[in-house]
Structure formats: structure tokens, C-alpha cells
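Trainee: Given next are the chains, with one letter for each unit.
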Amino acid sequence: MKLNFLFSNKYKTPGWFILFIGLILFCLTFFIGEEPSFFDVKVFTMSANGFGDTDRYFEFISNNVYNEITAIFIIVGGLLTTFSKEKNEDEYIAKIRLSSLSWAVLVNYIVLLFAIIFIYDFSFFTIMILNMFTTIIFFIIRFNIQLYKLNKMDSDEK
Amino acid sequence: MKNSIKVERAKKNLTQAGLAKSVQVSRQTINAIESGKYNLSTILALKIASVFNVSIDDIFELEEYDWEKN
Numbered sequence: 307m308k309l310n311f312l313f314s315n316k317y318k319t320p321g322w323f324i325l326f327i328g329l330i331l332f333c334l335t336f337f338i339g340e341e342p343s344f345f346d347v348k349v350f351t352m353s354a355n356g357f358g359d360t361d362r363y364f365e366f367i368s369n370n371v372y373n374e375i376t377a378i379f380i381i382v383g384g385l386l387t388t389f390s391k392e393k394n395e396d397e398y399i400a401k402i403r404l405s406s407l408s409w410a411v412l413v414n415y416i417v418l419l420f421a422i423i424f425i426y427d428f429s430f431f432t433i434m435i436l437n438m439f440t441t442i443i444f445f446i447i448r449f450n451i452q453l454y455k456l457n458k459m460d461s462d463e464k
Numbered sequence: 365m366k367n368s369i370k371v372e373r374a375k376k377n378l379t380q381a382g383l384a385k386s387v388q389v390s391r392q393t394i395n396a397i398e399s400g401k402y403n404l405s406t407i408l409a410l411k412i413a414s415v416f417n418v419s420i421d422d423i424f425e426l427e428e429y430d431w432e433k434n
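Chains as they are written, first to last, in the numbering used here: chain U, 307 to 464; chain G, 365 to 434.
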């Protein structure tokens, strides 16, 4: 019985690459200050309101898509990295994957609870933005540490 | 769960890597099973028994601990 939702192993490397670009773009936002006007384009929106302007639904608006591209790169890269099979994928790896995933979700929400209690105003908004990615990032870190430990595990051959 | 994979391997003069290859898992997985770090699936247990040409309970044995609630 084969029942899983994993991509083939060949998507792993492109996943890392896309994630890496996304993270670089993300880090750059802290240095460049203003988003480059190169990214100003017209986009179709289903809903855009809340910043004082008139509420807009299902129409074209102008927007700087730097943030959107960054988020898409991190999420797509992160998902490909997270949900691609390992080269030697087997049931033990599947178990490590699953336990790392539940660890990541748990830690993510513990951190979020902490932030809800101790962080306010605009700082909390920043946490919410980071929180969009942290589950995947926590998972990737945990899963790869576990794999590293597994590969390092002393073999007691013979 | 106790297991005697190591003993069976020795009888057949089979390395962890060799066994891993015949049951289509990684060597680390066999290592984790032998050292009791991982409770394998029924399918894999059947495959291993089949490679050694014995029945499952010749290799795997329940321990008291397995009856305790987690």
C-alpha cells in the first residue's frame, strides 16, 4: 500500500534553491527600506481594503509585488523542500518526517502564544508575518537535524 | 520489542547494508531496528522474516514494556 503526498526526490534541490532566493529577498527587505519601483505592477484583487482608501473588490489595482514574490518563493521552496522524498526514503524516514512535523507545529504555536502574551502593536504584526513561514522553517531545521543524526549514527556492523 | 536480526544476519553472513538492500530500506533503518530505536511496520517485519526464511516470531519478541500504556 503506497499512500503519501510526497513529491519525487528530484524536486528537493530546486526547492532548496527557490527557498534560498526567497530568504535572501526577505532579508533584503530589512536593508533596502523601500521596495524597488521595478516591482510596481497592476494586479487583480479579490479584496483590498483597510488602509483608508475606498474598499475594492474584484478589480485591478496597482501594487508593489516584491513582498508577494518573496512570500511565494519562500512558501513554494519550503513546500518543495519539505514534501519531496529523500533519496533513501523509507518507513523510518517517514516516521522522522511525521514526528518533525508535529514538533514544528507545536513549537510554532508555543512561540506564537508567547508572542501573543508579550508582544504588542506593530511588533506583533511583524511576528504574524514571520509566523506565516515559521512552521515550515522549524520543520526543515528539525527534520534535517534528525536526518543528520541518523546518518551519523554509529553502525554496529557484523 | 526484542529482536534477533543481528543473530539471523550473522547466521546468513549478511551485513546490515545487504539486508537493507533486500528489504528495500536504508542501512540506517536496519540499524535503528536492531538497536530497538524504531518499531518497524508489519510489512517490513514480514519481509525481513522472509529474507531469513523464518517466521516473524522467530525474530521479534514482545517485552513486558510493550504492554504498558504509553
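Check each hint, because a few of them may be wrong.
As the list claims (entries may be wrong) - Simulated crosslink set (DSS-like; lysine-lysine; CA at most 27 Å straight-line):
no.	chain 1	residue 1	chain 2	residue 2
1	U	316	U	391
2	U	348	U	401
3	U	318	G	433
4	U	316	U	455
5	U	458	G	370
6	G	385	G	411
7	G	376	U	391
8	G	433	U	401
9	U	318	U	455
10	G	433	U	391
Bear in mind the hints are in silico, worked out from the structure with no lab data behind them.
Trainee: Decide, hint by hint, whether the structure agrees.
Mentor: Taking the hints in turn, this is what the structure says about them:
Restraint check: the Cα-Cα separation between residue 316(U) and residue 391(U) comes to about 8 Å, which is no more than 27 Å; the hinted pair holds. Straight-line distance between C-alpha atoms of residue 348(U) and residue 401(U) comes to about 45 Å, which puts the hinted pair past the 27 Å bound. For the suggested pair residue 318(U) and residue 433(G), the alpha carbons sit about 38 Å apart, so the restraint of at most 27 Å is broken. Distance restraint check for residue 316(U) and residue 455(U): the Cα-Cα separation of roughly 23 Å lies within the 27 Å cut-off, and the hinted pair is therefore satisfied.
Distance check on the hinted pair: residue 458(U) and residue 370(G) sit about 20 Å apart at the alpha-carbon level, within 27 Å; holds. The straight-line distance between the Cα atoms of residue 385(G) and residue 411(G) is roughly 11 Å, inside the 27 Å bound, and the hint therefore holds. With a C-alpha separation of about 32 Å, the suggested pairing of residue 376(G) with residue 391(U) is violated against the 27 Å cut-off. Of the supplied pair hints, the one linking residue 433(G) and residue 401(U) holds, its CA atoms being roughly 20 Å apart against a limit of 27 Å.
Distance check on the hinted pair: residue 318(U) and residue 455(U) sit about 19 Å apart at the alpha-carbon level, within 27 Å; holds. For the hint pairing residue 433(G) with residue 391(U), the CA-to-CA distance comes to about 33 Å; that exceeds 27 Å, so the pair is violated.
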